[in-house]
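Engineer: Once you have looked at the hints, place chain Y on chain D.
One-letter residues, chain by chain:
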Amino acid sequence: MAKRFLFLFITLLGASFIVFMIIHLLPGDPARILAGPEATQQEVEALRHRLGLDKPLVVQYAEFMARILRGDFGKSIVTGKPISALIEYRFVNTLKLSIVGILLSMIIGIPLGILAALHRNSRIDQLVMGFAVIGVSTPIFVIAIFLMLVFSVKLHLLPATSVTGEITLRHLILPGLALALYGAAPIARMTRASMVEVLGKEYIKVAFSFGLPRRIVIYKYALKNALIPVVTVTGLIFGYMLAGAVITETVFSYPGLGRLLIDAIFSRDYPLIQIGILFIAATFALVNTAVDILYMVIDPRLRSPRGETA
Amino acid sequence: MPNTKQLRALSNKLAISIIVLVVVVAALGLYAYKAANRGATKSTPIAPTTSTQAASSTATAPSTSPKPASGKDTLVVAMGTDIVTLDLHDASDNPSYMVGRMIYEYLVDLDENMHIKPGLAESWEVKNNGTVWIFHLRKGIKFQDGTPFNAEAVKANFDRLLTQNLRRSSLFKPFIKEVKVLDDYTVEFVLKKPFGAFLYHLAHGAAAIMSPKSFQNGNSPKKNPIGTGPYMLEEWVPGDRIVLKANPNYWNKAKAPHFKKVIFKIVPDDQTRMRLLQSGDVDVALRIPPQYVKELNKTKGIVVLVRPTNRVIFIGMNNLVPPLNNVLVRQALNYAVDKEAIVKNVLFGLGEPADSPIAPLTHGHCKVGPYPYDPKKAKELLAKAGWKDRDGDGVLEDANGKELSLTLWTPRGRYVGDYDMAQAVQQYLQNIGIKVKLQVWEWASYVKELFKPPSQTKRQLFLIGWAPSTGDADWGIRPLFYSKMWAPKGANLWFYKNPEADKLIEQQMVLLGEKRMQALCKLQKIIFNDAPTIFMVVMYDTLGLKKQVKGVVYLPTEIVLLKYAYWEQG
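Sequence order for the protein chains is D and Y.
Position 206 of the first sequence, counting from 1, maps to 206 under the working numbering, and the rest follow consecutively.
Position 77 of the second sequence, counting from 1, maps to 77 under the working numbering, and the rest follow consecutively.
The shape of chain D in the complex, shown without the other chains:
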C-alpha cells in the first residue's frame, strides 16, 4: 500500500514539474507570457519580480509549488479574476456530473454485463454486447444532442442547461446520462467477461454441486469476485469523466472543468491553462490511486506479496 502512495507522489511531482515547465518552454519571455499581451511593460516587470522569474529554475519551481500548495493560483489573463474562485466552481460542477455519470454507468452497465454472462452466446448476450458497441462507438456528441432533443425539446421533461448557474439534480440527469451511456459499455463488457471467467472457476462448480441455490451462487459468490476488475474499469472511467467531458459540457453548456480548460487554451490564458492541467492531472492520479487501494481492499490476495495477482 505504501508503494501506491509513493507512485502517487511521484506522479504528482512529475505533473507539476511539466506544468511548471510549460511556461519556460514556450518561445518568448515567461513573464510576458504570464502577464498577457495586454499588460504594460511595468506590469510585466512587476510580475517577474513577484513570481521570482529571474531566479534559477530550481528555486522558481520550489516557489511555484509553495504557491500552489498555499492555494495561490494567480490570476486569469483574460478576465483578471483570481483563478482559485473560477476553478473551484467548475471543479465542483464536474465532480457532481462525474458522480452522477459513473453511478448511472454502473446501474446500466453491471446488470447488463451480468445478463450477458448468464446467457452467454445467446441472443440476449449478442443484443447486450451490441448495445455496448453502439454505446461506445456512437460519438458522445450525438448521444448528448439526442437526449436533449427527446427530453428537453420534445417532451419538456428536463432542462437542457442551467441558466442561473445553480446545478441541481434535474440539470445533471441529461448530461450524466450522456456520459453514462458512453461509460456503461466498457463496464458491461468487463462485467460480462469477468463473470464468465469466474463462473468457470472450480469453486463455483463446487458450490453448485453442493446444491446451493443458483441465485445465491451467482450473486453472493461469483459476482463479488467478478466485480474486482470491474472496479478498476469503473475507476478509470470515473477518472476520465472527472478530467472533464468537454463535449458533453459543450452540448449542455455545462460549466465544468473541461470547458474551462478548452476556453483557456483558445484564449491563450496561460496561468489558467497551467492550473487547469494540474487539477486534471492530480484528480486523475488520485482517482487511480484510490482505485488501486480499493482493489487491494476488496481482493485479499493482493494484500500480501505472495498472493495470486489477478
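Just so you know, the hints here were simulated from the structure itself, not pulled from any lab data.
There's no promise every hint is true.
[To be verified] A few chain Y residues facing chain D, derived, Cβ under 7 Å:
1. Val76
2. Arg241
3. Thr272
4. Arg275
5. Gln278
[What the hints assert, rightly or not] No more than 27 Å apart at the CA atoms, straight line, and that leaves these computed lysine-lysine pairs for BS3-like:
6. Y:Lys245 <-> D:Lys81
7. D:Lys81 <-> Y:Lys213
8. Y:Lys448 <-> D:Lys81
9. Y:Lys223 <-> Y:Lys155
10. Y:Lys376 <-> Y:Lys402
11. Y:Lys522 <-> Y:Lys367
12. Y:Lys261 <-> D:Lys81
13. Y:Lys117 <-> Y:Lys367
14. Y:Lys222 <-> D:Lys81
15. Y:Lys223 <-> D:Lys75
[Unchecked claim] Computed footprint of chain D on chain Y; a stretch qualifies when at least three of its residues, placed anywhere within it, have a C-beta under 8 Å from a C-beta of chain D:
16. 233–240
17. 257–268
18. 280–289
These numbers were taken from a predicted model, which means no experiment stands behind them.
C-beta: ideal position from N, C-alpha, C; glycine also.
Structural biologist: Quick look at chain Y alone, frame taken from chain D:
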C-alpha cells in the same frame, strides 16, 4: 422463494424489457429528430414570420409550445461568446458592447436604419465649418451610483479616452482636440479638423458614458461598471453567464426596465443554442445557424428575425505579389465566383452579393456593383493578363508554362458559413483553370498572421470579414483601403494602394453632408473597379425569440439591443 425456473424466466423478461426500452427510446429520438426537420420543405427564402403553426397533413411537428423559462421576471438570452470586459472604452468585441449597452448609454443613438437619434444629448449644433460641436444634455439623470449626469461627467469620460491608451482611444484621439464644459448641461467638442463621421463615433459602443467615480481614484469599470442605463451588473461568471438586474432609478420612466433580471447565458454550441429556445430554457437565442432557421420558424411559439448586417465578407488578395498584382487577374477572380449561388446554397439565403466595398446599411453606401457571375469574361481577362491553358490540361499557364496556382486561407466557425464559402470559391476558381489549395486557420493565429507586414507574409488569397462598428463608411473603408493603413498598422491586409483613392479617403473625412456622400460614391467606384479583393457577400444575422418577447431592436452593426425589451403574454 421463487424457484430457479421462475428466476430464469424473470431474468429473461428483464432482459427483454431492457432491450425493448432501449429500442423504444431510440425510436422516440429518431421520431423527434425527423419531426423537427419535417418542416423543412422547399425554397421560399426566409422572411420574418410569426409562427402560427401551418396545419400540415403529416404528423405535427413540435406539439407542445415551450414552457416560459422564467415567467415575466427574468429574460434569458443565449449567446455564443463570452464578453471580454464591461469597460467599454477598452473593448472591441460585440458581446461586450451588447451587454454593455444595457448598462451604459450614449450622447446619441442609432436606430435600426442606422440613423442618428438623440440619446443622452437632446440636441446639438455644428459651428465653425464642422470643427465645433455643441451638445445640450438631458437634465435630471443620475448614474446608477447616484452621481449626477452632467457636462463634467461627459468631459471626464472623453478625457479618459483621449489621455489614456485604451483599446478604443483610436476612435477619438485622432479627431478630438479637446472637450469643454460650457455650463452644467452643455458640452463643446473641438475637433482638429471637420469630421463627417463624428456623430457615428459618438454612437459607437465604445463612447459609453460611465460614471466618473467608476474610473477615478483607482476604481475600475472592469470590476464595477456604472452607467445611466436601465440595467446594472449583478454578477459575471466568466465562461458561463452574466446576470443583470433592473435599475430602479432609471431616468426614462416611459421606458422603465421590464424585467427584474436579465441573464446572458453563454452557449458556445450553435445547435444547442437554438435547442435551448425550443426547450424553453431560454427566451432569446442569438445567431441561429442558417440550416436551422426553417425548423425554428415552424416551432410553435417561436419567431426568427432575419436582419441584414453591415458585415462584408471578402476574399482578400495580396496585391503585391504576382499574379495578384495585376488588376486584370483580380477582376477576373471577381467574375469567376457566383455569389448569388453561394448565398442561396451555402448561406441558405441569409445574405446578398456585395455591390460595394461596404454594406448597403453602412452610412454612405453607394451601389457600384456587384460583379456578375461571368466565367467567360473571367477567362478573357486572365488571357489578356497572359494566362491561358496552353497544354489543354484544364489549368492555366503563363508564357513560361508556369501554372496558375494559389493558396486560399480561411478560418472555420468565425463567420457563419466561412469554411463552406471558401470551399465554394475554391471550386469556382478551379472551374476556370486556377489551382487552389485550401488551408484552414485557427482564429487567433489567423489574426496574428494577417496583421503581419508585407515582408513577413506568405498570404495570397484569404477569407476575412469586416463590419464597421461605427456604422459609417469612413470606418468601413479607411482602415481597409487607405495606403497608410497597410498591416500591421491598419487593416489594409491586401496592401492596396491607389493615390486617387487615398485622396478621396482624406477628403471624405473632412466633408459634411451631400458633398461627403458624393466623394464617398466616387471612392467606392474606384475601389470596386480596382478589385483589391473578391467582394463576396453582405451577411444577414438571425435571432430566435419566443413570440412573447417584444421590443428587441437589431442594429446592423450586429448588436442586439435588449434594453427596452418586454414580455407580452398571449
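Engineer: Hint by hint, say whether it matches the structure.
Structural biologist: Evaluation of the provided hints:
1. Val76: 5 Å, holds
2. Arg241: Since the shortest Cβ distance to chain D is 6 Å, the answer is holds.
3. Thr272: 6 Å, holds
4. Arg275: Because about 6 Å separates Arg275 of chain Y from the closest Cβ in chain D, which is inside the 7 Å limit, the hint holds.
5. Gln278: Holds - the Cβ of Gln278 of chain Y comes within 7 Å of chain D, reaching about 4 Å at its closest.
6. Y:Lys245 <-> D:Lys81: 21 Å, holds
7. D:Lys81 <-> Y:Lys213: 22 Å, holds
8. Y:Lys448 <-> D:Lys81: 25 Å, holds
9. Y:Lys223 <-> Y:Lys155: Given that 27 Å is the threshold and the Cα spacing comes to 22 Å, the pair holds.
10. Y:Lys376 <-> Y:Lys402: Holds, at roughly 22 Å.
11. Y:Lys522 <-> Y:Lys367: 11 Å, holds
12. Y:Lys261 <-> D:Lys81: At roughly 23 Å apart (the allowed maximum being 27 Å), Lys81 of chain D and Lys261 of chain Y satisfy the hint.
13. Y:Lys117 <-> Y:Lys367: With a Cα-Cα distance of about 25 Å, the restraint between Lys117 of chain Y and Lys367 of chain Y holds, given a limit of 27 Å.
14. Y:Lys222 <-> D:Lys81: Cα-Cα ~10 Å, so holds.
15. Y:Lys223 <-> D:Lys75: The given pair, whose Cα atoms are some 14 Å apart, holds under the 27 Å limit.
16. 233–240: Coverage by chain D holds here, the residue count being 4 at a Cβ distance below 8 Å.
17. 257–268: Holds, because 5 residues of the segment 257–268 of chain Y bring their Cβ atoms closer than 8 Å to Cβ atoms of chain D.
18. 280–289: Our answer is that it holds, as 3 residues pass the Cβ test (under 8 Å) against chain D, meeting three.
Hint violations for this structure: none, all hints satisfied.
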